[in-house]
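Visitor: Spelled out from the first residue to the last, the chains are:
2 protein chains.
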Amino acid sequence: MMRYASWINESKESFLGEILKTANYEDVISFAGGLPAQELFPKDELKDCFNQVFDEDGPIALQYAEALGYDPLRAWILEQINVGSKTITMEDLIVTTGSQQGLSLVAQTFIDPGDMLLVESPTYLGALQAFQSLKPKVLMVPSDQDGIIPEDLEEILKRHKPKFLYVIPNYQNPTGRIMSLQRRKDLVRVADKYNLLILEDNPYGQLRYEDEKYPNLMDMYDNVIYLGSFSKILSPGLRVGYVVAKKEIISHMAMVKEGMDLFSNSLAQRAVYKYVTGKPLLEHIVKLRKVYKARRDVMIDAFNKYTGDWVEINRPKGGLFVWAKINEIQDSAVFLAQWAQKEKVIFVPGTFFYPDGRISNEMRINFSCSSPEDIEEGVKRIARALSKVKSN
Amino acid sequence: MMRYASWINESKESFLGEILKTANYEDVISFAGGLPAQELFPKDELKDCFNQVFDEDGPIALQYAEALGYDPLRAWILEQINVGSKTITMEDLIVTTGSQQGLSLVAQTFIDPGDMLLVESPTYLGALQAFQSLKPKVLMVPSDQDGIIPEDLEEILKRHKPKFLYVIPNYQNPTGRIMSLQRRKDLVRVADKYNLLILEDNPYGQLRYEDEKYPNLMDMYDNVIYLGSFSKILSPGLRVGYVVAKKEIISHMAMVKEGMDLFSNSLAQRAVYKYVTGKPLLEHIVKLRKVYKARRDVMIDAFNKYTGDWVEINRPKGGLFVWAKINEIQDSAVFLAQWAQKEKVIFVPGTFFYPDGRISNEMRINFSCSSPEDIEEGVKRIARALSKVKSN
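Quick note, the sequences are listed as chains A and B, same order. For the first sequence, position 172 matches number 381 in our numbering, and the numbering has no gaps at all. For the second sequence, position 299 matches number 508 in our numbering, and the numbering has no gaps at all.
Wrong hints could be hidden among the right ones.
Any copy will do: because identical chains look the same in the list, a pair fits if it lies in one copy or spans two.
[Claimed, not checked] Below, simulated DSSO-like cross-link-like pairs (lysine-lysine); rule was C-alpha separation at most 27 Å, straight line:
1) Lys456 <-> Lys230
2) Lys456 <-> Lys394
3) Lys230 <-> Lys455
4) Lys370 <-> Lys344
5) Lys589 <-> Lys502
6) Lys344 <-> Lys502
7) Lys589 <-> Lys553
8) Lys488 <-> Lys256
9) Lys394 <-> Lys370
10) Lys346 <-> Lys367
By construction, these hints were calculated from the structure, which means they are not laboratory data.
Required output: the full structure, derived from the provided sequences and hints.
Guide: See below:
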């Protein structure tokens, strides 16, 4: 018998993985992933960028490189960030193999087995996966439609000394909610009082469909590790993300990254740099906003039309997800496995976003990567599945 | 004060990192890296491969993908491996972000803090870096010019139950040595008796400059995790490596990889597949062998000519490194910092390859990425530094 690390033996087989596999079946409509719309990837422009990289920097781009990443790209990212109130230097930033690696670097740099971490309730499943091999105790901070509740956070901090608080302030995964400005201020006030390190994950911040834009926590508070990514605004297949933090933290992370994968794909880093300096990235983002906003609206209209009072949904002001609650149903995982899948529509059940594994009647529903027709048809199928539950 | 994971506080500042930085100074000759010769990268062919990927699979190659990797590439790798006696299936293989990530996946899948691991003496520095955040106890097995000594291994196994033994049987990093056939047989016999898991790392196996070729441990023994890579035979900037192991292990590693970086750069995986199926990879490898063998010979001749009895060197039958011992000097790290660097030549001192951090008069000297002229000049500089030590 294999002698795995103890956390492996404790982890459950991936029910979710099995569901996600069915997303590839031809006639299944999947709202389960968190995928950008692939028909919008700037394929031809990126192809040109790769060609430029090969022509101008071929041999060096194919060689081993620094763990911190490609300097011109790092400098460009800093320029964007320094538009905020903070002044960041080159030593405060490391490029990562997607922002998921940023989570993993934080985990290895900060977590000893048994350490306490705080997360929102609910929170991003992939963050829990990045943390789990270090065996932390993960505690959820009670949260409402504006994000975590500062008073509840303070109650916890009176009694515990967590390593950090993990938050997605903008268009959170899974709920799609945005943390209000007042909430950000209150959060930072409490964090500062207890010297709490905040891990701010911001993959969706630029995908906003209403006018609001709030400062990043990083711009309001010193003790923040900030994770950014090109996955949602350019392409996830490139695997280019980044971490911004104090120089000392970044230098430890560079050491961890060397052990983890030495450095991130150089061609992709250079191609991203060519792309963002060749043409304003904002033009592309504006296009994404328009398409995703329209898809969100189709989804909300479809729920209103087909599921009526059965399903309560929010109206996310950005990001990729609608968060929905099914009234009169206990467990959305059972609803998925026994009813929705038969109607050939899938989503991620709420239970997966709660580290305590509680039963939930919620579901995360992605609207970015399906056509308006499929969105309408998929919601119809959810409604049909619900009507079968009811009449069962 | 930051509250890092405890292993961070225990790790030393990177003296090696500081040395490696000077490799970029214009007039320094660096034998310190383990870099392939970048003038030999098949830049134009790879550029064509990327273009084909964009033209044929653009949107899907830019999208999120499976942790296990790109199926056609996985199938192609299996075909190559199944030339051996073993029959491997698709479920036994995962693509990694370079083979360094393979080490990191093994670490997170197998190591609990305090677990014992066995390594060769000396061993690859980067493996130690991949393991360290899990805080294992690393024990060196006494080794000679043929690799680890089976009798010593058995003595250890009588008393301890290590999680695994990490070995590089072919042209080891740092020593360049190859494990003889008899030694492989003896090693496997002992491992089998104690049911020892072996982690077989084989980045250099195809870079052989003499006729010998021995079976992989994977082909002689069931309880092996095998790490392969395209870094040395194609390009490290692509970050494409792989792990072969039992299906159950690979499925756990896929879960770990999801937490670590979700999946590896899709464009690179697809471009590697285009490359290897478009033209025999062996043609390129034959070219590499010819150039590297010639450089090895230049290096050995230069040592014989310039350093005489001061330096004892081996004659590696493959790989990227010569392993040298400086007679009448205690500590090659001191020699590097105080003498060799002033002569503008650098290498990696032996101490870094011993997990117990012992003082060593050895040095790892790379011959693959310098021109024959630079190799000769660099060895001359080492000789000059040595003569200054002597006359000091």
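Visitor: Determine for every hint whether it applies to the structure shown.
Guide: Outcome of the hint check:
For the identical chains of this complex, Lys456 and Lys230 are inter-copy neighbours only, at 18 Å across copies versus 41 Å inside a copy, given an alpha-carbon limit of 27 Å. In this homomeric assembly, Lys456 and Lys394 come within 27 Å of each other (Cα to Cα) only inside a single copy, at 25 Å, whereas the closest approach across copies is 49 Å. In this homomeric assembly, Lys230 and Lys455 come within 27 Å of each other (Cα to Cα) only across copies, at 21 Å, whereas the closest approach inside a single copy is 40 Å. In the homo-oligomer, the alpha carbons of Lys370 and Lys344 lie at most 27 Å apart both inside one protomer (16 Å) and across protomers (23 Å), since each shortest distance falls under that limit.
Taking the shortest alpha-carbon separations for Lys589 and Lys502, only the intra-copy value of 20 Å comes in at or below 27 Å, while the best inter-copy value is 67 Å. In this assembly of identical chains, Lys344 and Lys502 lie within 27 Å of each other by CA distance neither inside one copy nor across copies; the values are 39 Å within and 47 Å between. Only within a single protomer do Lys589 and Lys553 lie at most 27 Å apart by alpha-carbon distance; the minimum there is 11 Å, versus 72 Å between protomers. Proximity of Lys488 to Lys256 under the C-alpha cut-off of 27 Å is found in both arrangements, the shortest distances being 14 Å within a copy and 22 Å between copies.
Taking the shortest Cα distances, Lys394 and Lys370 sit within 27 Å of each other inside one copy (21 Å), while across copies they are farther apart (53 Å). For a Cα distance limit of 27 Å, the shortest separation of Lys346 from Lys367 inside one copy, 17 Å, qualifies, whereas the shortest one across copies, 37 Å, does not.
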